[in-house]
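Given these sequences and hints, build the entire structure.
First to last, the sequence lines map onto chains R and U.
According to the numbering used here, the first sequence is numbered sequentially starting from 1.
According to the numbering used here, the second sequence is numbered sequentially starting from 1.
Don't take every hint at face value.
You can't tell identical chains apart in this list, so a pair holds if it fits in one copy or across any two.
Stated by the list, open to error - Derived lysine-lysine pairs resembling DSBU-like cross-links, with alpha carbons at most 30 Å apart: (1) K382 <-> K13; (2) K489 <-> K99; (3) K36 <-> K489; (4) K210 <-> K196; (5) K210 <-> K36; (6) K130 <-> K99; (7) K13 <-> K36; (8) K92 <-> K385; (9) K45 <-> K99; (10) K210 <-> K489; (11) K475 <-> K13; (12) K491 <-> K13; (13) K45 <-> K196; (14) K99 <-> K13.
These are computed hints drawn from the structure, not numbers from a lab.
2 protein chains.
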Amino acid sequence: MPDPYQALLERIKVINKLRAVEELLEWDQLTHMPPKGVGARAEMKALLAALRHERQTSPEIGDLLEQSSADGDPVRATNIRETRRLYERAVKVPSELVKELARTASLGNDIWTRARADSDFRAFAPTLSKLLGLKRQEAEYIGYENEPYDALLDEFEPGATAEEIAGLFAELRGRLVPLVQAIAEARQRPDFSILKRHYPRAAQETMGRKFAEEMGFDFEAGRLDVSVHPFTISMSCDDVRMTTRYDEHYMPSAVFGVLHEAGHSLHEQGREPQHAFTPMGSYVSLGIQESQSRMWENQVGRSRPFWEHHYPWARELYPEALGNVGLDEFYAAINTVAPSLIRVEADELTYNLHIIVRFELERDLVSGRLEVADIPDAWNRKMTKLVGITPGNDAEGCLQDTHWSGGAFGYFPTYALGNLYAAQFFAAAREALGDLGASIRGGDLRPLNEWLRTHIHRHGMRYRAGELVRLVTGKPLSIEPFMTYVNAKFKPIYGLP
Amino acid sequence: MPDPYQALLERIKVINKLRAVEELLEWDQLTHMPPKGVGARAEMKALLAALRHERQTSPEIGDLLEQSSADGDPVRATNIRETRRLYERAVKVPSELVKELARTASLGNDIWTRARADSDFRAFAPTLSKLLGLKRQEAEYIGYENEPYDALLDEFEPGATAEEIAGLFAELRGRLVPLVQAIAEARQRPDFSILKRHYPRAAQETMGRKFAEEMGFDFEAGRLDVSVHPFTISMSCDDVRMTTRYDEHYMPSAVFGVLHEAGHSLHEQGREPQHAFTPMGSYVSLGIQESQSRMWENQVGRSRPFWEHHYPWARELYPEALGNVGLDEFYAAINTVAPSLIRVEADELTYNLHIIVRFELERDLVSGRLEVADIPDAWNRKMTKLVGITPGNDAEGCLQDTHWSGGAFGYFPTYALGNLYAAQFFAAAREALGDLGASIRGGDLRPLNEWLRTHIHRHGMRYRAGELVRLVTGKPLSIEPFMTYVNAKFKPIYGLP
Numbered sequence: 001m002p003d004p005y006q007a008l009l010e011r012i013k014v015i016n017k018l019r020a021v022e023e024l025l026e027w028d029q030l031t032h033m034p035p036k037g038v039g040a041r042a043e044m045k046a047l048l049a050a051l052r053h054e055r056q057t058s059p060e061i062g063d064l065l066e067q068s069s070a071d072g073d074p075v076r077a078t079n080i081r082e083t084r085r086l087y088e089r090a091v092k093v094p095s096e097l098v099k100e101l102a103r104t105a106s107l108g109n110d111i112w113t114r115a116r117a118d119s120d121f122r123a124f125a126p127t128l129s130k131l132l133g134l135k136r137q138e139a140e141y142i143g144y145e146n147e148p149y150d151a152l153l154d155e156f157e158p159g160a161t162a163e164e165i166a167g168l169f170a171e172l173r174g175r176l177v178p179l180v181q182a183i184a185e186a187r188q189r190p191d192f193s194i195l196k197r198h199y200p201r202a203a204q205e206t207m208g209r210k211f212a213e214e215m216g217f218d219f220e221a222g223r224l225d226v227s228v229h230p231f232t233i234s235m236s237c238d239d240v241r242m243t244t245r246y247d248e249h250y251m252p253s254a255v256f257g258v259l260h261e262a263g264h265s266l267h268e269q270g271r272e273p274q275h276a277f278t279p280m281g282s283y284v285s286l287g288i289q290e291s292q293s294r295m296w297e298n299q300v301g302r303s304r305p306f307w308e309h310h311y312p313w314a315r316e317l318y319p320e321a322l323g324n325v326g327l328d329e330f331y332a333a334i335n336t337v338a339p340s341l342i343r344v345e346a347d348e349l350t351y352n353l354h355i356i357v358r359f360e361l362e363r364d365l366v367s368g369r370l371e372v373a374d375i376p377d378a379w380n381r382k383m384t385k386l387v388g389i390t391p392g393n394d395a396e397g398c399l400q401d402t403h404w405s406g407g408a409f410g411y412f413p414t415y416a417l418g419n420l421y422a423a424q425f426f427a428a429a430r431e432a433l434g435d436l437g438a439s440i441r442g443g444d445l446r447p448l449n450e451w452l453r454t455h456i457h458r459h460g461m462r463y464r465a466g467e468l469v470r471l472v473t474g475k476p477l478s479i480e481p482f483m484t485y486v487n488a489k490f491k492p493i494y495g496l497p
Numbered sequence: 001m002p003d004p005y006q007a008l009l010e011r012i013k014v015i016n017k018l019r020a021v022e023e024l025l026e027w028d029q030l031t032h033m034p035p036k037g038v039g040a041r042a043e044m045k046a047l048l049a050a051l052r053h054e055r056q057t058s059p060e061i062g063d064l065l066e067q068s069s070a071d072g073d074p075v076r077a078t079n080i081r082e083t084r085r086l087y088e089r090a091v092k093v094p095s096e097l098v099k100e101l102a103r104t105a106s107l108g109n110d111i112w113t114r115a116r117a118d119s120d121f122r123a124f125a126p127t128l129s130k131l132l133g134l135k136r137q138e139a140e141y142i143g144y145e146n147e148p149y150d151a152l153l154d155e156f157e158p159g160a161t162a163e164e165i166a167g168l169f170a171e172l173r174g175r176l177v178p179l180v181q182a183i184a185e186a187r188q189r190p191d192f193s194i195l196k197r198h199y200p201r202a203a204q205e206t207m208g209r210k211f212a213e214e215m216g217f218d219f220e221a222g223r224l225d226v227s228v229h230p231f232t233i234s235m236s237c238d239d240v241r242m243t244t245r246y247d248e249h250y251m252p253s254a255v256f257g258v259l260h261e262a263g264h265s266l267h268e269q270g271r272e273p274q275h276a277f278t279p280m281g282s283y284v285s286l287g288i289q290e291s292q293s294r295m296w297e298n299q300v301g302r303s304r305p306f307w308e309h310h311y312p313w314a315r316e317l318y319p320e321a322l323g324n325v326g327l328d329e330f331y332a333a334i335n336t337v338a339p340s341l342i343r344v345e346a347d348e349l350t351y352n353l354h355i356i357v358r359f360e361l362e363r364d365l366v367s368g369r370l371e372v373a374d375i376p377d378a379w380n381r382k383m384t385k386l387v388g389i390t391p392g393n394d395a396e397g398c399l400q401d402t403h404w405s406g407g408a409f410g411y412f413p414t415y416a417l418g419n420l421y422a423a424q425f426f427a428a429a430r431e432a433l434g435d436l437g438a439s440i441r442g443g444d445l446r447p448l449n450e451w452l453r454t455h456i457h458r459h460g461m462r463y464r465a466g467e468l469v470r471l472v473t474g475k476p477l478s479i480e481p482f483m484t485y486v487n488a489k490f491k492p493i494y495g496l497p
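Put into structure tokens, the structure is as follows:
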């Protein structure tokens with residue numbers, strides 16, 4: 001008698017191969033597709049999405065899930081559990097609602113784009129209300145223990161709850177706000193303008209590729225291209241593609257962008273090939289995914305040891321911009337902390353406050369404690385209180401991000417969770433590997449990647465994010481490693497006690 | 001009651017969208033995919049091919065074909081006729097044979113690659129025999145009127161017959177062989193070596209892009225990339241991608257290569273958008289497809305008027321290579337005729353003789369008049385007789401082409417048919433447009449493209465190749481326009497009477 005698990009596995013692989021094809025269609029569209037190709041591409045993507053959805057919700061999957069047994073094997077258990085999670089999410093929601101959500105989200109994105117251009121929240125409000133209503137319905141169909149937000153969060157950070165995140169964020173907010181304020185009032189200030197000098201594109205590209213290679217990115221199993229918004233996409237652990245953008249008058253954009261995307265990419269390349277196209281070959285959650293990018297971008301890429309090694313070379317690459325800049329000055333500049341309005345341009349500290357603003361608002365929106373019409377005021381008040389700066393209009397306020405316009409409620413917190421996971425993982429790596437600073441200072445980034453691969457990447461979806469943190473670091477997720485890290489780093493830069 | 005034709009059309013579009021996705025997977029593999037991605041890519045391609053095959057042979061298509069009526073509408077008639085052709089070809093052949101052919105062809109390609117490297121035909125012979133046997137079976141299942149070769153030819157040149165092609169080729173051979181011989185004995189000879197000087201890659205790329213633009217290639221609806229073997233692929237008329245390769249010491253490779261591929265691409269971009277993903281939006285046959293590339297490459301790109309306009313610029317682009325070369329000398333060099341062993345490197349005249357060698361051999365192979373073991377001798381004898389040169393080994397003889405190793409019997413003649421169609425179309429265009437030479441000499445290539453678009457491209461598969469030729473030129477296909485063209489062109493270059 002054939003093993004139902006094997007039959008299930010075959011179906012899972014088909015679904016994930018279709019998804020890999022969709023990833024390629026998307027990558028191509030964002031990097032190479034000629035502009036007029038967009039119409040045909042939309043039809044090709046819609047077809048693939050429909051074929052995948054059909055397979056994902058097929059009753060066969062349900063039957064095979066009932067018959068499959070893990071037999072105590074953790075790989076089987078993972079694949080069964082995650083397939084069940086997706087299957088149940090998919091079949092619980094009526095297909096009419098799924099279609100209505102897709103339509104509204106697609107429309108919502110267009111309306112948001114125009115509303116943002118006009119800085120007119122009221123033009124977007126009715127669509128956002130509708131989306132929110134549909135997402136609330138979706139949450140009811142999916143089900144939750146404590147609050148509807150959890151059902152939505154589960155799509156991005158499986159197993160996490162709003163309550164637990166709210167607890168962490170409240171602590172984080174309590175510790176970060178005074179630190180950011182102290183920094184804002186510090187007399188000692190980095191000269192951020194040196195990063196806005198002229199940095200030739202070719203040198204930036206050379207630098208990005210070199211850094212990615214040193215980190216362990218395998219260019220035989222991946223690529224680096226250019227796109228308007230940087231992203232990483234993976235077809236398998238042997239075909240992982242990242243992008244960046246080059247701004248000749250803003251050095252951090254490409255250089256830290258590549259470190260960030262290469263962090264994601266190592267995470268993707270670090271999966272085990274035999275688990276291709278299965279949950280065991282996928283990442284745990286967006287938060288864990290983000291922990292890998294932020295660790296390389298910030299804990300490594302914005303560290304002093306990293307630049308102790310690379311700064312002489314950086315001065316050779318950019319003699320015009322950095323010829324008269326010392327290492328300390330450069331190190332301070334790339335770690336400038338300053339309240340600003342736009343999330344994607346925020347520094348390592350205030351970024352988390354931007355996220356907390358969004359999390360608190362969207363949680364209240366989903367629960368019904370906040371009305372859509374009240375978003376601009378609530379946004380501006382929270383920004384003033386947490387970040388210390390007030391948006392002058394909605395475009396630089398509550399209309400800046402695309403997420404809500406596509407119905408993605410529950411996505412934002414994963415960004416800040418990523419920072420917390422990153423700090424806790426990095427502290428554990430340092431404990432395990434001895435003087436990590438010394439190897440980074442020596443230009444050797446491989447030990448860290450090896451450690452991450454062994455302890456995180458190769459596990460795929462075997463553990464939930466919370467379990468993984470406990471397993472790897474011996475403790476549940478907390479803000480302490482992050483606070484220890486930022487205090488140790490930023491207080492000296494700003495001359496704080 | 002829903003119109004069965006509309007239901008059929010929806011299914012046709014799904015099949016062709018899947019094919020478009022496969023095209024993109026292929027394009028990406030040949031231009032951008034990181035080398036290690038090949039395993040996952042093979043699985044993605046196999047899945048898509050299976051999904052498409054399943055739909056192409058679905059009994060639903062058969063039922064809808066029975067119920068669909070063209071109602072006198074030529075678009076409907078075309079879509080129904082071509083869908084029926086593919087459906088019947090697909091369902092007539094047992095799926096076991098299809099699978100066995102796919103397996104043997106895939107294996108055959110590997111074995112051929114090694115056999116060619118070792119120049120050892122005997123290593124390839126058993127596989128070729130097996131493939132041939134399977135293709136003969138396929139021909140029997142598909143059915144034919146005169147000879148099994150016709151059933152195979154139909155895949156590439158629908159509606160053509162071996163007999164008709166043999167007639168044309170016999171005439172062509174009779175007229176070309178003496179011309180090539182006279183040229184070989186001519187005292188006046190071009191200096192081919194000037195094309196092997198140093199032509200910087202960047203200048204070649206500039207030239208190729210400029211030529212493609214002047215022809216009317218829309219870079220907003222297409223791309224030019226680099227690959228080992230040049231090709232053109234199209235997802236829709238709004239996303240057409242061509243490739244070339246750059247050899248800094250052989251100028252014709254990229255420059256005439258781009259003219260060739262841009263000819264294909266204009267043909268693809270010239271389809272009408274409303275027919276996307278249907279037979280009306282596809283090309284008629286490989287021969288017609290090739291007529292478009294060869295016309296731009298040869299009738300236009302290797303013409304004197306074309307270079308009268310562009311040569312001053314060419315000398316600016318390549319001062320080192322062409323500084324001391326006059327227009328006449330250059331024009332003669334790019335039209336060098338010389339017997340050679342390798343088809344893909346052959347000139348405009350002997351190319352057709354290479355094709356005739358292959359056509360005569362493969363027709364005899366399929367009919368059983370020629371044994372596989374006798375191929376090398378037969379090949380060498382024919383090459384000596386037609387081209388006037390004898391291969392020293394199988395690698396430069398009967399093992400040089402990949403086609404047979406993949407089971408593609410009936411493909412070769414479309415190359416020479418393309419040259420004949422091209423000449424006949426070009427003569428008709430000249431008649432319709434007045435002095436085409438003058439507009440080309442003036443640097444204006446658009447009138448020709450417009451004419452081709454109106455009379456050929458936009459028709460998609462509406463007419464069979466033979467019908468199209470009659471419709472556009474008023475006469476059935478003949479070798480006369482080609483012979484008139486080559487006599488007028490080559491006799492002066494070689495000082496022949």
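Okay, the hints, checked on the actual structure:
1. Taking the shortest alpha-carbon separations for K382 and K13, neither the intra-copy value of 45 Å nor the inter-copy value of 51 Å comes in at or below 30 Å.
2. In this homomeric assembly, K489 and K99 never come within 30 Å of each other (Cα to Cα): the closest approach is 48 Å inside a single copy and 63 Å across copies.
3. For the identical chains of this complex, K36 and K489 are neighbours neither inside a copy (48 Å) nor across copies (40 Å), given an alpha-carbon limit of 30 Å.
4. In this assembly of identical chains, K210 and K196 lie within 30 Å of each other by CA distance solely inside one copy; the values are 22 Å within and 36 Å between copies.
5. In this assembly of identical chains, K210 and K36 lie within 30 Å of each other by CA distance solely across copies; the values are 20 Å between and 35 Å within a copy.
6. For the homomeric pair K130 and K99, the shortest alpha-carbon distance inside one copy (14 Å) is at most 30 Å, but the shortest distance between copies (51 Å) is not.
7. Taking CA atoms no more than 30 Å apart as the test, K13 paired with K36 passes between copies only; the shortest distance there is 19 Å, against 33 Å inside one copy.
8. With identical chains, the CA atoms of K92 and K385 are never at most 30 Å apart, being 40 Å at best within one copy and 74 Å at best between copies.
9. Taking the shortest alpha-carbon separations for K45 and K99, both the intra-copy value of 15 Å and the inter-copy value of 28 Å come in at or below 30 Å.
10. In this homomeric assembly, K210 and K489 come within 30 Å of each other (Cα to Cα) only inside a single copy, at 25 Å, whereas the closest approach across copies is 54 Å.
11. In this assembly of identical chains, K475 and K13 lie within 30 Å of each other by CA distance neither inside one copy nor across copies; the values are 34 Å within and 55 Å between.
12. Taking the shortest alpha-carbon separations for K491 and K13, neither the intra-copy value of 50 Å nor the inter-copy value of 62 Å comes in at or below 30 Å.
13. Taking the shortest Cα distances, K45 and K196 never come within 30 Å of each other, neither inside one copy (39 Å) nor across copies (46 Å).
14. Taking the closest pair of Cα atoms, K99 and K13 come within 30 Å of each other both inside a single copy (25 Å) and across two copies (21 Å).
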